[in-house]
Amino acid sequence: MRSVLIVTLISLGLAASLALADDRHAISERQMSRVLRQAFPSTPPDWRSRLTPDATMATCAQWGNQPPKEIADAIKRREAAAIRLPDDGNFMGDWRRGEKLAQSGYGLRFTDAEAQRPNGGNCYACHELSPDEVSFGTLGVSLKAYGRTHKFDPQHARVVYEKIYNSQAAVTCSTMPRFGANGILSIDQIKDLVALLMDPESPINKPAAAGQKGKADSKEDAGGDAAKRP
Amino acid sequence: MKRYRRLAMRSALLAGLGFAAVAGDLRAAEPDVIDRGLEAFRSMLKADPWSNPAMLDADRGQALWKERRGPRNVSLERCDLGKGPGVVEGAFAELPRYFRDAGRVMDLETRILWCMETLQGIEPAGLTDKPHPAANEPVKDPGAIATWIASRSQGRTFNAPVSHPREKATLRLGKTMFHRRMGPFDFSCASCHASPGKRIRRQGLAHLVNPDEARQVVGEWPAYRVSTAHVMTLQHRLYDCFWQMRLPELKLGSEASVALTAYLVKQAEGGTIAAPGLKR
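Here the protein sequences come in this chain order: F and W. First residue of the first sequence? That's 0 in numbering that gives the first Met the number 0, and the numbers climb one at a time after it. First residue of the second sequence? That's 0 in numbering that gives the first Met the number 0, and the numbers climb one at a time after it.
None of these hints come from the bench; they were simulated from the model. Be aware that a few hints might be false.
Distance condition first, Cα-Cα at most 20 Å in a straight line; then the derived EDC-like pairs of lysine to aspartate or glutamate [stated by the list, open to error]:
(1) Lys129(W) with Glu88(W)
(2) Lys167(W) with Asp187(F)
(3) Lys129(W) with Asp111(F)
(4) Lys99(F) with Glu200(F)
(5) Lys174(W) with Glu28(F)
(6) Lys65(W) with Asp140(W)
(7) Lys250(W) with Glu200(F)
None of the values given here were measured: they were computed from a predicted structure.
Excised from the complex, chain F in its bound form (with noise of 0.2 Å):
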């Protein structure tokens, strides 16, 4: 706890003389809130906290996403610290759930108001999952034949369900949503989004079906770079 606090104040104080001395301009976080507040005048009550970006986030804007080395532990022994595993040891859930909660991008947008289903986790927004969805983004590597990649091994299960839960813990300023850690998705829920990666049976670890034979074919590239592809 006490070092945390300490490196946090190096990091601020580091901050500041850098913000000092790159622009004697730097917006305010004072200034910024009150743009804010003004911009999003229909802000209910407890949303109130989505306009200011946690320490860590702050920290990541700071320094372009790229802290130097000893922010960036500092960061990652924090958000590791935050991330809360099953009672019950097991990571790994239903990937038939899971593939419903990678395909919906439902919740927490302000026309969800009214929560109608579970938040998803629009995995498919940024990557590969299953070679029979070719609708999938490239801001995230690719995901295609995960568990195969990693021979199903049950240790990294808890490797992925702790990446879901708290990207930051693993590659900080990471573009990828703390899913747990910032409540979008439920334990439960993240142990199903493990299995599709994990499980065997999962659609991500088959080839694909007989529609999309032709991409089944190519080249497996778990961990690939999908972005370098057109």
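Start from chain F and add chain W according to the hints.
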């Protein structure tokens, strides 16, 4: 007459594209169909700018500009867009800018609201309450006016002034906002618009921190958006991006929206204005 025949033709073509988008709920392969259709349509646009449905809204905007309206029953023809009262030609190319009468920096849409309020006496709340059209609804009046005014800068290059201290401050604010990560998904604008050639699902993401790409896309706004079948203004585009960021509804004409616009226009400095454009 000939113009309207062309309009009928293009409506049929775009209806086909829009159908592909709506029927497929923007999933799976449909966006490819839209991309191909858009390509074909863009080349038609080059040959004949009137084939863009947004030109109907520009026409409507021009009529609204000239019409006596509001409690004061006057037109907007005395509205000063920065180059003197009533000057429309080329005004958009020099926005956003600082307006001494308003004491703040304004982009085109914000300035139109201001003129509607101060000249015509129209309550801004009525215009900013539901500021943007739903799918298949025509763009609202200020958006139609903006479409017309922007079209009157076609072929010019972006050249917004950055000399007044407030203009400089606005630009700094916009740049900082662009990189500020907030909300439950930890997104900033840069999360989606700071690397080349990325996609969300199948939607291509503009690499807006790269001036070359910013110059290509920013000058196309306001644009006719095929997937929702209406003109979308830049402030509406930002409103939608904030929606994806899980942030609240962006107020039309807010300092934040002006600052982001100023940043985007600065990125696109020297780029050619091709508004109204056409987007997926």
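Okay, the hints, checked on the actual structure:
no. : hint                     : verdict
1   : Lys129(W) with Glu88(W)  : violated (29 Å)
2   : Lys167(W) with Asp187(F) : violated (49 Å)
3   : Lys129(W) with Asp111(F) : holds (17 Å)
4   : Lys99(F) with Glu200(F)  : holds (15 Å)
5   : Lys174(W) with Glu28(F)  : holds (14 Å)
6   : Lys65(W) with Asp140(W)  : holds (13 Å)
7   : Lys250(W) with Glu200(F) : violated (48 Å)
Hint violations for this structure: numbers 1, 2, 7, all remaining hints satisfied.
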